[in-house]
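J.: Same order as they appear, the protein sequences are chains S and A.
Heads up, the first sequence is in our numbering, so the first residue is 8 and it goes up one at a time.
Heads up, the second sequence is in our numbering, so the first residue is 8 and it goes up one at a time.
Where hints are given, some of them may not hold.
It does not matter which identical chain is used: a pair holds within one copy or between any two.
Claimed, not checked - Straight-line Cα separation of at most 27 Å, BS3-like style, residue types lysine-lysine; simulated pairs:
{"hint": "1", "residue 1": "K135", "residue 2": "K101"}
{"hint": "2", "residue 1": "K237", "residue 2": "K23"}
{"hint": "3", "residue 1": "K135", "residue 2": "K237"}
{"hint": "4", "residue 1": "K198", "residue 2": "K101"}
{"hint": "5", "residue 1": "K198", "residue 2": "K261"}
{"hint": "6", "residue 1": "K325", "residue 2": "K101"}
{"hint": "7", "residue 1": "K22", "residue 2": "K325"}
{"hint": "8", "residue 1": "K101", "residue 2": "K264"}
{"hint": "9", "residue 1": "K22", "residue 2": "K198"}
{"hint": "10", "residue 1": "K22", "residue 2": "K47"}
{"hint": "11", "residue 1": "K198", "residue 2": "K264"}
{"hint": "12", "residue 1": "K198", "residue 2": "K112"}
{"hint": "13", "residue 1": "K23", "residue 2": "K264"}
{"hint": "14", "residue 1": "K249", "residue 2": "K325"}
Read the hints as simulated data drawn from the structure, not as lab findings.
There are 2 protein chains.
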Amino acid sequence: MKSEKENLDEFLLIKKYFQPLAGPGSFDLTDDVAHLLSPKLICSNDILVEGVHFFADDPAGLIAKKVLRTNISDIVAKGAVPEYYMLGVVFTQKTDELWIERFAKGLQEDQDLYGMRLLGGDTTRHQKPSPLVVSLTIFGRPLSDRSPVLRSGASTGDLVFLSGTIGDAGLGLMVRSGDLSLSAGANRFLKRRYLLPDPKIALAEKVSAYASAALDISDGLLADADHLCKASEVSMELSAEKLPISDAANSWLKQRKEHDPGLAALAAMGDDYEILCTVPADGAQLFQTEAAGAGVSVTAIGRCVAPEGYPKVTLLSKNGAIIVAPTHGFNHFSQN
Amino acid sequence: MKSEKENLDEFLLIKKYFQPLAGPGSFDLTDDVAHLLSPKLICSNDILVEGVHFFADDPAGLIAKKVLRTNISDIVAKGAVPEYYMLGVVFTQKTDELWIERFAKGLQEDQDLYGMRLLGGDTTRHQKPSPLVVSLTIFGRPLSDRSPVLRSGASTGDLVFLSGTIGDAGLGLMVRSGDLSLSAGANRFLKRRYLLPDPKIALAEKVSAYASAALDISDGLLADADHLCKASEVSMELSAEKLPISDAANSWLKQRKEHDPGLAALAAMGDDYEILCTVPADGAQLFQTEAAGAGVSVTAIGRCVAPEGYPKVTLLSKNGAIIVAPTHGFNHFSQN
């Protein structure tokens, strides 16, 4: 692992705070490279920016965990488990040792929780007042020869499953930004869902065993379902009434006069980090049972159908009417 | 590869400009993960920031090449060849399609030159005026079981070799910043050396075959020699007269009244991206001959000696006097 440049201060900071996080193949962060000792790894990269993906005053430990977990989410959705990560950080001019200590503590807690280790990385520092940037490359071990489960494997007739509940993180961002207030308990729950994703690592094995296609939801259920449909060249019919909604999100829904557009809005919110996957009909019952056995609730929310014209996602109301979905995902040129 | 968020614009930009760069295991950048198909890879990460590692108005293609080459440099210094890379970019608010097109063209030219392919990555965009950030994780294939050649393998008696010439990039930065002007030709040469590192990929095989320890010089010869000494627990005696100096750097040296402090200054400048390695005496002749045969000039600049007290690097003048070295590397809290 390299500090930029390797002056005494940052060299000692890496030794003090990051070396304890290092695992096999990392050479204890004393060299320029790391050795990937496991064969057939998969990898993914997420780059998170202050002011875009987190707030400047979010706790350092939570920022660390959010960066790790958004990456872990990518890996487990593919039927693999996280093993290692490379970390690149651009500190701000104000980043002090206490911040780095808390950031490293957040990494330590989560890498212990998810069974992974630091391999190496690079640190540098802005020369002007500029936002903190964290880039993480994660490596995962596929749990079977069927993994990585891609976006492109879904077929007509497959059932569509979703883990957990949707829309909470999007509402949590509104609470965090002061644009929404519900009960104290609901506010706390929703903010937590925004600040700290909960990647469903226990589901990785079941995805690897049963899913024909899968991805994690970061851009919103409808947008990511759309990505899966395009890659698989199928369409999806999703039932709004079946969407798994938390009590807190339900209390928000009840405040709105129109129920269906509210559900569609939840299905368009981002940052859920739940798993969306398709499962052939003959494995659906076992998938759901085994997922429950692994402690993860999954809900069948629809099915894949033949694309008419082009692959698309349709959200249907209880009576079968098409609910017009709002913007799929968000466009950061205008909205983010 | 993921755009953040996957709105139409950036999705299409990735498809148009980055998909042509993708290689085996990348799933054509259509999924969230990539598959590392080669066993026993090594990897490294560098994160480069506008205003720290490059100028805002440097050509996009040159920024792309600098990011790739600083990472390639890490890999070849370990006796390995580059194979794949993951790319994370935080665009500025002003980054337009033309900039991205030129950036991708720079990547294309260099990945063809060095025989490597894009695996995946992530793009996002600043919400406020903020510097461009590029994070690159590179994967390399070790050329023998002796690779990766670490910093820690040097022994007393080993000879110290350096590829190419040193100090050019540091002088080039001074020229680029308007703090130095030599002849037009020298200015051009030095600026080029700063803007476009020349990683010695043909030397990777020889390092893998002969070197006991190695690293690439990014913080300056003296600073990186110091890193190697600390990791190997040896000291080094380097001969100032033997340091390989380009004609352009020599013209700068001649302008100075004091020759030895000038040499020491060149040995402390950063961004050389040459290879520093140690070779046991019995392999030194073959290493030098084979390196020359591969088209890379290497110079024996000193030897490893037993550490007295603690590992350190001493730069000696022609008559054996100790030249006091200036700051080893630079400290970006005060200098960068």
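J.: Okay, which hints does this one fail, numbers in order?
T.: Hints 3, 6, 7, 8, 9, 13 contradicted; others consistent.
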